[in-house]
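Chemist: With the hints as constraints, model all of the structure from the sequences given.
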Amino acid sequence: MTAYLQLSQIGKTFTRGAATTEVLRDISLEIAKGEYISIIGHSGCGKSTLLNIVAGLTGATSGGVILDGREVNAPGPDRAVVFQNHSLLPWLTVYDNVRLAVDKVFSGTKSRAERNDWTLHNLELVQMVHAKDKRPAEVSGGMKQRVGIARALAMQPKVLLLDEPFGALDALTRAHLQDSVMQIHATLGNTILMITHDVDEAVLLSDRIVMMTNGPSARIGEVLSVDLARPRRRLELVANPIYLKAREAVLKFLHERHRFVEAA
Amino acid sequence: MSVTALKETTPAPKRPAAEVVRLARPRPPVKTRLRTWLTRAAVNVLPPLVMAVLLLLMWELLCSGPGATLPPPSRIWTDSKDLILDPFFVAGPQDIGLGLRVLVSLQRVAVGFGLAAVVGILIGAVIGQSIWAMRGLDPIFQMLRTVPPLAWLPLALAAFRDSNPSAIFVIFITAIWPIIINTAVGIRNIPQDYRNVAQVLRLNQIEFFWKIMLPSAAPYIFTGLRIGIGLSWLAIVAAEMLTGGVGIGFFIWDAWNSSRLPDIIVALVYIGVVGFALDRLVAGIAAFVTRGTASA
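In the order they appear, the protein sequences are chains A and B.
So for the first sequence, the numbering used here puts the first residue at 176; every next one is plus one.
So for the second sequence, the numbering used here puts the first residue at 14; every next one is plus one.
Incorrect hints may have been included.
Simulated coverage check for chain B against chain A, where a stretch passes if three residues somewhere in it have a Cβ under 8 Å from a Cβ of chain A [as the list claims (entries may be wrong)]:
1. 205-214
2. 223-234
If we take Cβ atoms under 8 Å as the criterion, some of the chain A residues that face chain B in the derived model are [to be verified]:
3. Leu232
4. Gly234
5. Asn260
6. Leu264
7. Trp266
The hints are simulated quantities; they were obtained by calculation from the structure and are not laboratory data.
Keep in mind the model is a prediction, meaning the values are calculated, not measured.
Here a beta-carbon is modelled for each residue, glycine too, at the ideal position from N, C-alpha and C.
Modeler: Here it is, written out as structure tokens:
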């Protein structure tokens with residue numbers, strides 16, 4: 176198959192003074208268009224570094240990223256990132272945060288009115304139109320993350336990069352947002368690369384789960400395909416044998432073969 | 014249909030209810046609001062007023078003896094009543110009210126401080142962005158910052174050969190250091206998250222400056238501006254004492270030369286009040302502009 180997003184033999188070494196630390200070694204992955212991929216691993220295994228390399232925010236020491244036939248080595252709106260801590264600009268309203276991205280990406284192709292409609296459309300996708308004139312400090316953590324997702328979607332990226340997007344949220348809000356993301360993925364068919372440390376989240380959302388070994392020199396340990404039909408419903412999956420098996424496989428990988436020995 | 018029907022029925026019972034409320038409610042709020050407003054005003058105004066009266070009384074007692082070198086408040090009132098009561102009189106080209114003199118000084122501060130703000134923020138932005146500019150310039154700025162304002166005056170007089178631009182230059186050079194240093198610190202403290210957002214959006218340098226840098230560093234910049242305006246006001250009085258003209262600083266020097274001590278004290282009060290007002294003004298603008306930035 177010809178991959179839409181291809182990571183080939185990515186290695187990353189950090190150098191501080193005389194000490195060098197190899198974080199990632201020989202990461203290769205091919206992702207098809209419209210696929211939902213989760214990367215799971217213990218904290219410190221370099222999964223966020225990997226996402227930053229795909230985003231172009233960090234340079235790879237070796238290897239490279241090819242998206243839609245082109246090598247990428249700088250950040251750009253074709254790889255929109257939803258940051259873990261939402262990263263909304265606190266001095267702009269919810270609407271203006273999304274509008275900033277829309278104005279930048281579509282300044283040449285859409286008229287002012289179209290950009291306004293597109294901004295509202297994306298806020299509607301995450302059900303945040305009601306709070307469009309509020310500032311980020313005035314809405315809840317889950318709502319901020321919704322706006323972060325709207326901002327990323329509004330760029331019409333080729334691939335959506337989610338960096339532990341629900342990590343800072345309580346369990347109920349997290350479930351809500353996971354459902355929203357599934358809905359959006361089903362409607363728009365985005366290619367999504369998500370970093371997570373939550374096994375259930377990975378199994379529920381992903382087409383394939385990439386499991387990483389512990390650092391330093393983290394590699395891809397295993398790749399698990401989750402052959403669950405979509406749309407997936409949280410409640411129906413609780414007793415689904417495929418779901419349980421996938422869950423077991425990931426848990427065994429993380430806690431049997433690659434236990435994080437330094438974990439507190 | 015059903016929706017419109019609902020809309021028609023709901024306002025009907027509400028209308029009389031609203032009228033009843035409107036009649037009953039406002040009365041107690043007006044009274045209580047007035048009372049809370051009055052108590053708040055009293056809490057804020059009374060203590061400084063009482064202290065001022067006490068201090069004036071003490072001053073009167075200390076300076077009304079036969080050997081006193083400084084005038085008591087009562088003599089200031091009798092000697093300089095015209096200056097206190099009418100700040101805007103014009104009795105001749107060199108004999109004008111203190112309000113007008115303050116305005117002349119404020120004009121110089123406005124020009125000097127305005128220039129310092131623009132240049133200071135730009136230089137601060139460059140230094141905050143570039144680690145090498147920081148390393149090279151920061152020690153120099155830290156050293157120049159400690160030079161007293163008046164020490165610049167002879168150099169300025171030599172360069173401009175005129176008193177007015179020299180006074181403005183002294184304001185500029187006094188106010189610019191805290192603005193540069195605070196802006197640079199503010200820009201170095203822009204969270205990496207905002208830089209990442211800018212990179213993903215591919216904002217160019219100018220867009221980054223207006224959309225991320227200025228709003229994010231605004232609290233720091235305004236701290237610098239507030240320190241700068243205070244220093245400017247300190248410097249202008251001293252500079253005017255030496256350069257002459259019609260400013261408030263020269264008025265004090267002139268009053269000293271003609272032994273009008275009460276006039277000097279009135280002028281000091283003017284300077285204090287205006288300095289306080291300037292500080293409050295910049296603080297007020299800061300609070301208005303940075304209302305979104307404080308809670309990140």
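Chemist: Which hints from the list above does the structure break, by number from lowest to highest?
Modeler: Hint 4 is the one this structure does not satisfy, whereas the remaining hints hold.
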